[in-house]
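Visitor: Spelled out from the first residue to the last, the chains are:
There are 4 protein chains.
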Amino acid sequence: MDVGIVGGSGYGGSELIRLLQAHPTFKLRTVAARASAGRDLAEVFPHLGLDGPLVPAEPDRLAGCDVVFLATPHEASLRLAPELLRAGAAVVDLSGAYRLPPAEFAAWYGVEHTSPGLAPAAYGLPELDRSRIAGARLVANPGCFPTAALLALAPLGDLAEPAGVVVTGLSGTSGAGKGLREDLHVSHAVQNVTPYGAPGHRHTPEIERGWGTCAGLGAPVPVSFTPHLAPMSRGLLATVTARLAGSPVRVRAAFGAAYDAEPFVRVLPEGVWPATTHVRGGNSAHVGVAVDERAGVVVAACAIDNLVKGAAGQAVQNANLVTGLPEAAGLSAAGVYP
Amino acid sequence: MDVGIVGGSGYGGSELIRLLQAHPTFKLRTVAARASAGRDLAEVFPHLGLDGPLVPAEPDRLAGCDVVFLATPHEASLRLAPELLRAGAAVVDLSGAYRLPPAEFAAWYGVEHTSPGLAPAAYGLPELDRSRIAGARLVANPGCFPTAALLALAPLGDLAEPAGVVVTGLSGTSGAGKGLREDLHVSHAVQNVTPYGAPGHRHTPEIERGWGTCAGLGAPVPVSFTPHLAPMSRGLLATVTARLAGSPVRVRAAFGAAYDAEPFVRVLPEGVWPATTHVRGGNSAHVGVAVDERAGVVVAACAIDNLVKGAAGQAVQNANLVTGLPEAAGLSAAGVYP
Amino acid sequence: MDVGIVGGSGYGGSELIRLLQAHPTFKLRTVAARASAGRDLAEVFPHLGLDGPLVPAEPDRLAGCDVVFLATPHEASLRLAPELLRAGAAVVDLSGAYRLPPAEFAAWYGVEHTSPGLAPAAYGLPELDRSRIAGARLVANPGCFPTAALLALAPLGDLAEPAGVVVTGLSGTSGAGKGLREDLHVSHAVQNVTPYGAPGHRHTPEIERGWGTCAGLGAPVPVSFTPHLAPMSRGLLATVTARLAGSPVRVRAAFGAAYDAEPFVRVLPEGVWPATTHVRGGNSAHVGVAVDERAGVVVAACAIDNLVKGAAGQAVQNANLVTGLPEAAGLSAAGVYP
Amino acid sequence: MDVGIVGGSGYGGSELIRLLQAHPTFKLRTVAARASAGRDLAEVFPHLGLDGPLVPAEPDRLAGCDVVFLATPHEASLRLAPELLRAGAAVVDLSGAYRLPPAEFAAWYGVEHTSPGLAPAAYGLPELDRSRIAGARLVANPGCFPTAALLALAPLGDLAEPAGVVVTGLSGTSGAGKGLREDLHVSHAVQNVTPYGAPGHRHTPEIERGWGTCAGLGAPVPVSFTPHLAPMSRGLLATVTARLAGSPVRVRAAFGAAYDAEPFVRVLPEGVWPATTHVRGGNSAHVGVAVDERAGVVVAACAIDNLVKGAAGQAVQNANLVTGLPEAAGLSAAGVYP
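Chains as they are written, first to last, in numbering that gives the first Met the number 0: chain A, 0 to 337; chain B, 0 to 337; chain C, 0 to 337; chain D, 0 to 337.
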């Protein structure tokens, strides 16, 4: 099966290349980029061991691809996805372009949606609802923070009060992309922790929609979300705090019921918290949970690699579902530790 | 004025030495340690540029000191403080031994308090109540997390609901001390973020007592507190989320009123969050605050150096108050950036 | 083909597990350990996603394995290799036990060799001499520093003076193993560079033997070798400086001739130096070279992942050669960047 | 005594501000900058705790300063130093503008020297020759690598062969300045070691001139110099390897004789190597040395903070000498560890 990538010069794109090189069925046919079109991949990403130029990010360059991954900004995804769908490709979009209903998209992203009929597309978090993904031609790959936050929150649907959830996010710096910025200069960032983009981070409405669904309400539930930047290149941790509403003894069982059969989610033993270093480079999510009866809350934390389960790995997982392949195809490699 | 340190072989002790070497009035007369007694300071802490052996941690070794800093575990502080007070010294204790009422101490620390008449001592967070410190002979220097959390929370006393506060802590690894542990091995920890010690971290009751006071209640208020370890040697960030109860327009003014006259606290402009890298090595606290009206919360974050404002620097600040010196004496050095 | 690992609780062992899980032909049958025998792999190395106990490091536990990898200290390898060979297994030893002639081994390692007939075994640096490896039953997998140093030096055999070579090594901390030590405490090591183990590091004689061979002499040539520890978990760089003896214009061609057909070695373009971050997690070696005519030297640098090409990856490469498989089997995965 | 800084928006300039704030005699009167003129210091460098705008980098803004520190590129220093000298100020220039004779400067920096009568100025490495500095009006503050390399080399003047010296440099990233570059993006650099700028780094001729003087020759001696970037914000290590020419038993005594009376240089005990973490933030240089008789070399390593002893701290040390103050005035603060 032939696949293509648009956005091959960014971290999401290069991670897709890395994973697709090891995929048993998908054959990477085209890697396109916009500003870096024409540059040699060996120069842009020496770690991949691949030569050859990045091709321009035009739909006709991707003709014949069964699946196209869009590792592009939402503006480019708005433009490219409809054309690629018309050309017969299935599309997994890593941007925020198709995650929200059009009006909500416009409110959070500040631009009108140009394909309102396509949004929201199937939300590509398989552990929450893989059936809808399997039948989709367009999948909206979740944001990195929502992936971790919702994996931590989902089992709490009927054990926590819907309101008052606080989500703290901690991301490695690759989550901020490759662009040059003063706060991403290594001398500044190498030993620094700081909140950023709060309140109002664009991942917030995804978390609120997912949590609303998990909590059994028909609508998004407001949550407070504060992301932070941590001095590591990869890794993401979401720590969620929710008011306990059900019996504390049911909490652990709920996490087991949710994830024991999941190939990529591991619930850690009582008293053990997830460490981002244990999921670096792999598609795993490690989840820890504890009840704090004194404070009346349940705290759950989920660690993922922001570029794998938080982006490219989950995109491949979704593409596997869309194309009827085994969901874990090409994703079984363990992480790289230490 | 002669001062002494017990616990000179730990990070808190070595930081006290560093600061006291530059103090205009305090003269460092004795540095004592328990397990490392007899070892040469030049070998234990080559960065200090000091020679000479650490003396045993016995009270008679500190005779004649006007102030003694206890950078010791709480068990040692329980034993040493009464003897030192009897000998006429003022004592600033960096452990948790005298921060709580005896019953609360016993519940959180798992040992009976042996000097219940001394606990709680004056709580050494000058920005909250410096008058009580000025008149004390024994000061309980706050924990690193409570220092940052309470500086973020204090101005919200009548602007937030007392209940439902969520505190997320992020600490550099020196906060975990010098002991050798698998999770502090550099290969594991160098690119890792993980929650730890939650729920039930011993700094929780300090935050709850302080927040109860700030909120104008006569008693501690339960908060949820989840500390995390971040891959940096120094630096601590506390991010607090509280339900907004007052008018959002009053929030920024409240922070200004609380801190504009404070020598060590800086409230950052609207839209700017504190970065731990900007306070490394100095006694400053940087505070940022934002209202999230959509979610109905106020979020505040405070960055400090866990070993300075979170330990040794604040201890010197307290000793200055106790001895009637200018509060900032010996603490004006800027941080070391980048 | 069934394979086993002894030393599964160390970094070398866990890296072997990671790579062998993805190998198309080798089936990992047994993972043994000494001190950690009985512990569950899921607890020792959560990143691997494997359950089940580590078995004791006894030869009969490895009966039936076609290949056994010894990721053990040299003392254990001295004891285990002969027994495993007698039992019919091929052995790839990652320790220094079989890299040197017995007398040289005794001088550098401070213990007599107990199987002098087996030492030196085939030296497992395929890029230097893969024919000898292919026919061997026991392979001495090279040290991490010698691997990088010799890949940088080998093409200079007839272009540099044999004497006077200076090798500077820079290793990530995983090269120092998992043991707890003050200088590997994250708070000390996280922003630190320091020389260590010099002069007299045990990797020196390997470099000297290899360089002697490359230089066409029948004997080892003394080199000066100074390793340093750098604040990263993985990655190793060897920078070699040699007196130029041949024509500078021949240098670049010599590197091309040596490595253009090598699957794992990449010679970087003129003016580009290797970066350890580009080889993390993969079996690649990146090599850069420059002539400094003013100073009369040639400088070459080689970057590898100390745990992959410097240990477990090269061990799999050697096992592939020994068993007649394609040399790159199971080793094609790209590195993990950033 | 009034002093001024030009280049206050760079790392060298901000470090000068930090040190001068704590200086007992120098009063910081003016901080000037070029591109950042008009910006508020509190925004550019929040760690300093200072408010007020950076003034334009024009000589008349510095009128009345007894000493002016130029933390500027060499082009700006070429222009500014003569004017400031004419205006009566003593000048300590942190750039390379006045370190070399004019012809050598032109060859290495690619521009003609516009004040050949001023170059070379007094070379500001007090441990090598403080008498010349004391009488100077213009001091050429050494480069960071030459400072460490020459402190390691100087005692070897009559114990090592002049030819064949190899210098390996390892610098923290602040040595590369604040400019935004792909290789200084935190995601790339945070766990990366790489050589750079070799051969032909502009610090080479400084090392060669200094070594020529130490070796008792009347002229520079070619050395091979390869700098590397290490993943830390501050810290610099120079490791030098030289052919042993004298008796090995005299080596340690030579280092003692050279540095026992020096306030800022500490020779470490036999078997101990310097660690950059022990000199961070302070003006100290730690030096270790070992003889490798087998290889016929002596290896010495020197660790400094590239921004303090390697730049701003040494500049203050030089200004103290020029103005007749105690050489260590304002520089006694210990480093910040861990």
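Everything labelled a hint here was simulated from the structure, so no lab data went into it.
Where a beta carbon is used, it is the ideal one built from N, C-alpha and C, also for glycine.
Treat the hints with caution; some may be incorrect.
Cβ-Cβ distance ranges computed for the label pairs, FRET-style [as the list claims (entries may be wrong)]: (1) Glu-57/C to Pro-52/B: 46 to 56 Å; (2) Ala-102/C to Asp-157/D: 55 to 65 Å; (3) Ala-162/D to Leu-216/C: 55 to 65 Å; (4) Asp-259/D to Gly-37/B: 21 to 31 Å; (5) Pro-52/B to Arg-249/D: 49 to 59 Å; (6) Glu-160/B to Pro-55/C: 57 to 67 Å; (7) Glu-82/A to Ala-328/C: 32 to 42 Å; (8) Arg-249/D to Ala-102/C: 48 to 58 Å; (9) Asp-39/D to Ala-34/A: 49 to 59 Å; (10) Arg-78/B to Asp-259/D: 40 to 50 Å.
Calculated cross-link-like contacts (lysine-lysine; reagent style DSSO-like; alpha-carbon spacing at most 27 Å) [as the list claims (entries may be wrong)]: (11) Lys-177/B to Lys-26/C; (12) Lys-177/D to Lys-177/A; (13) Lys-177/C to Lys-26/A; (14) Lys-26/B to Lys-26/D.
Visitor: Hint by hint, where does the structure go against what was stated? Just the numbers, ascending.
Guide: 2, 3, 5, 8, 9, 11 and 13
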